[in-house]
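Engineer: Below, each chain spelled out in residue letters.
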Amino acid sequence: MFNVVNAELRKLRRPTLFLGTMGSALFFTGLITSFVYLMIDSPQGNGDRGRTISREVLGLASGSVNSFASVGGFLGIIALCVFAAQTAQEYTYGTLRNLLIREPGRLKILIGKLISMMLFALVMITIAAVVSIALSYFLAPGAEVNTELWFTSDGLNAIFTTFINVSISVFAFGIVGMILGLLLRSPISAISFGVLWLLIVENLLIAVKNSLQNWLPGAQLSTIATGGAIDVSYKHALGVGGMYVAIGALIASILFVRRDVAN
Amino acid sequence: MSNTAISVSDLSKKYDDRLAVSHINFEVPLGTVCGFVGPNGSGKTTTMRMLLGLITPTTGQGHILGEPIEHPEKYLSSVGAMIEGPAFYPALSGYENLMVLAKLGGFPTERVQQLLEKVGLGDRGKSKYKTYSLGMKQRLGIAAALLPEPKLLMLDEPTNGLDPEGIQEVRALLRDLANEGTTVFVSSHLLSELEIISDYIVMLRKGEIVFAGPIGDLMAQQQPTIIAKSLQHSDLQKIVEIAEAAGHHAVIRNDSVHVLAEMDWAPVLNKAAFDAGITLAQLAPQLPNLEETFFEMTGDK
Numbered sequence: 000m001f002n003v004v005n006a007e008l009r010k011l012r013r014p015t016l017f018l019g020t021m022g023s024a025l026f027f028t029g030l031i032t033s034f035v036y037l038m039i040d041s042p043q044g045n046g047d048r049g050r051t052i053s054r055e056v057l058g059l060a061s062g063s064v065n066s067f068a069s070v071g072g073f074l075g076i077i078a079l080c081v082f083a084a085q086t087a088q089e090y091t092y093g094t095l096r097n098l099l100i101r102e103p104g105r106l107k108i109l110i111g112k113l114i115s116m117m118l119f120a121l122v123m124i125t126i127a128a129v130v131s132i133a134l135s136y137f138l139a140p141g142a143e144v145n146t147e148l149w150f151t152s153d154g155l156n157a158i159f160t161t162f163i164n165v166s167i168s169v170f171a172f173g174i175v176g177m178i179l180g181l182l183l184r185s186p187i188s189a190i191s192f193g194v195l196w197l198l199i200v201e202n203l204l205i206a207v208k209n210s211l212q213n214w215l216p217g218a219q220l221s222t223i224a225t226g227g228a229i230d231v232s233y234k235h236a237l238g239v240g241g242m243y244v245a246i247g248a249l250i251a252s253i254l255f256v257r258r259d260v261a262n
Numbered sequence: 000m001s002n003t004a005i006s007v008s009d010l011s012k013k014y015d016d017r018l019a020v021s022h023i024n025f026e027v028p029l030g031t032v033c034g035f036v037g038p039n040g041s042g043k044t045t046t047m048r049m050l051l052g053l054i055t056p057t058t059g060q061g062h063i064l065g066e067p068i069e070h071p072e073k074y075l076s077s078v079g080a081m082i083e084g085p086a087f088y089p090a091l092s093g094y095e096n097l098m099v100l101a102k103l104g105g106f107p108t109e110r111v112q113q114l115l116e117k118v119g120l121g122d123r124g125k126s127k128y129k130t131y132s133l134g135m136k137q138r139l140g141i142a143a144a145l146l147p148e149p150k151l152l153m154l155d156e157p158t159n160g161l162d163p164e165g166i167q168e169v170r171a172l173l174r175d176l177a178n179e180g181t182t183v184f185v186s187s188h189l190l191s192e193l194e195i196i197s198d199y200i201v202m203l204r205k206g207e208i209v210f211a212g213p214i215g216d217l218m219a220q221q222q223p224t225i226i227a228k229s230l231q232h233s234d235l236q237k238i239v240e241i242a243e244a245a246g247h248h249a250v251i252r253n254d255s256v257h258v259l260a261e262m263d264w265a266p267v268l269n270k271a272a273f274d275a276g277i278t279l280a281q282l283a284p285q286l287p288n289l290e291e292t293f294f295e296m297t298g299d300k
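In the order they appear, the protein sequences are chains A and B. Residues 0 to 262 (numbering that gives the first Met the number 0) make up the first sequence, in order. Residues 0 to 300 (numbering that gives the first Met the number 0) make up the second sequence, in order.
All the given hints hold, so there is nothing to weed out.
With a straight-line Cα cutoff of 30 Å, these simulated DSBU-like cross-link-like pairs (lysine-lysine) come out:
hint : chain 1 : residue 1 : chain 2 : residue 2
1    : B       : 73        : A       : 107
2    : B       : 13        : A       : 107
3    : B       : 73        : B       : 117
4    : B       : 73        : B       : 136
5    : A       : 107       : B       : 127
Not everything, but these chain A residues come out facing chain B in the computed CB check (under 8 Å):
hint : residue
6    : 3
7    : 5
8    : 96
9    : 103
What the hints contain is simulated information worked out from the structure, not anything from laboratory work. Treat the numbers as computed from the prediction; the structure is a model and nothing was measured. For each residue, glycine too, the CB sits at the ideal point set by N, CA and C.
Isolated chain B (complex conformation) (with noise of 0.2 Å):
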């Protein structure tokens, strides 16, 4: 058996001129949680929703767990998926929405309550799904997904509404599954959150790929920065000038000055700025975080 939970060859969707995907290509290996990030309508849903079979695909192939993508009835019943938000029916119940699908799905329905005590709606399961707030609805979403015990878990925005306890929790909850041998495939436009769970992390801008790899590689690629503070805030430019002077790039934000340099070069900074007279208050070597790579990256800032 194959070793990826999800590989992509060539895949392309276009809607009339416009290219949604454009002939992207990569593999998520079985196991890991893997962020998908990307901008508003840079082709995240659309590349899930191709995934899951909802919609057809104009180019290239795409394998789940070792099936194609054009026989979904093959892989679907290993996988859970919430995309584009939950959706529900607003007259019924938490347990009679969850209810349908467990029984669509041919799922036991005892696990209809375990799972909505695992996502902390174990109170509230007989309450109409119209009277949720969005974080209960997200946990309902999540609750559906996790029915068929998938080996394979698509979430898109799974964080959206919750509160801080609540993305504690999913954070929690995506980390287990994956320690019990579950993928998941998760996108978030809150990347400090992707940061912390994934190992594997695919990067879309306007429907292509621009990074798809183990975090650990793509942090390595980005340029570690030097914080540098002075006491007086006149220093901050001879500070720029003698890091430009060693040919390192600098730039002055929010009242320091960031150095794009390797981090044993901190102490040399540290030594020309007491030979030139300035007090530092701070020096500080940082590593990009995700959100600053994907900026970079992705030169949206």
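Excised from the complex, chain A in its bound form (with noise of 0.2 Å):
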């Protein structure tokens, strides 16, 4: 298992890869921790579909990573384009039937693929967070926002609770990225779909039907990354997320580990 995560590594840490990676993550946490606080007085609001992020919320222990739970949806986007390319590309460079010669483990390349995916999301969670709150940090006082909560006990214990909530929900994402890479066996079918699902399907559907919110994988999410939301509870979010999670991941494991590589 550890040669395959050192072996992972190696074609993850390729500049390109990288430094695109991060700063994807760097600019998506810019933006939207930014919008929070420029647009705080914004009569279409400053957060996630018009939603308004009031001083007060933001004023509280838990205020210093409200933009970081916000930005979780995009670092979870992101994850599942690196997961399902990273995934896919095996099928589409014929580079599988190499990992397989090497490592007939099948289950070992698939969850050592998926650690060190994990490993690579860790540092792009990491980032984005240090980013987003030393970006709030530094707009509060322009926004008015009071900071002196932030880094009481509350606060680092608000900052550690979000840094584990968005990181399942990344995950999350990046596994079913993996899992899309898995079944279509082709980058760009796979990203194309999970993205267009994820950012056109479901909002559609939502938009239609409010109550399916409840109920769609990417709201689930998502929602795992806020810590909960009005109309969806954590609990919810994480059990039905989890679920989709699960028997997605167990369909593409066992296609995997029986199907036949003939490319």
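Bring the two chains, given one by one in their own frames, into a single complex with the hints.
Structural biologist: Next comes the structure, spelled out in structure tokens:
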């Protein structure tokens, strides 16, 4: 298993992939965090789907990670793309056969790949957390947000809890990407299907029937990152989202282990 | 321990209604170079994939280095392979690509640079794979196959895209490996190459074995040909008649007569032609080469 993780990390550390992914994460983190503070008085709202995040909310102990929690969904989509591409490319390049010749334990390959990509995602989440909190602290005075409670023990606890929630959410998005990569065996198909579903289809469905946000996979995983929402509880999101990921992962693993490698 | 590197019994692979490999049986002794030949689509790559545990056979058994092919984890650490051409990550260098495989297999990473030198890529190891020529990609594929210091090396068309010098180098490399005790199982459409380096031949056609055994046995089965050329082109037909009168099959091909006969009949033909007033410009016995034998046995030409 260690060998698989080690080998996969060599692929993930290549500069274009590493810097490109971290750059995207930084861009979205900076953009969303800035919006929250710079648009605080905007009548269109400064949060997700036109919601308003008030000075009072941002001034709470959890205020430092409010933006970071909102970034979670975007980090999840980045993870989905990276996990999907890294998995599906083994089929398109034909490199899967090389991997399986060197390590015939197919589940070992799968789990090793997952661990290495989770480590990669963890670096991305950590960088995003640091940048989001630092930017929030920098922008807070201009937006007249009180930061006194941010670094109290409650504040640090909120940072830790949000970091864990965002990590769970991002890992789950990544696993969905990996599942799509295994099922569709093409990076373009896996990424386009995943992103279109999460950004377009789910939003359309929720706009048509609001109660669907309790059941659609992307909505659950985004809710986990924010630690729960007004309409969907954290526990519900964790249960339903976890079920989607577990069933998908089981089906994809069985297929990967049993399917002939003929390309 | 078994003295066969590969043994296959009743091995088949069926895709929907199409039988890609049909109940094949063959053995490859340890330490030999075995050529695996057959037209495109004859089932060579499918067979190799089954032997490497990449696809599951529909029927039959196989053993690699004495271990059943149902358990590739028991033998793949001693097997090097390049199947259906080289496949690597385009954005990584040749060196990094080999490092990924070395790390994965738990092989010493010092071997990577040594192998790059061995296949002639020592100075291009740091270049990205996507900048490599076909020949260089092929060399990298061979280097990857050599990473585990294999007891069995399985190569699918390893000389594709190589220049004549590269082909000669690969031929020498495979022969050296065999001399060191490595069993080499190699498919190629360049039958003349296989004829030079192979001790053993497995011939496949439409998923079925046509021949499997020592190359010497295969060639011994083939009838030699006497090639006769007359000074006058008009005399060729007369030579055909002389041969057929003696009970030998003869045809005119490329301004000469090809007579299926043992070599010791050549002086008889020479005398008969002289008696008939024909001056022969050439009279040469010729054993069929692997390519001719292959086409004759597979009936493809």
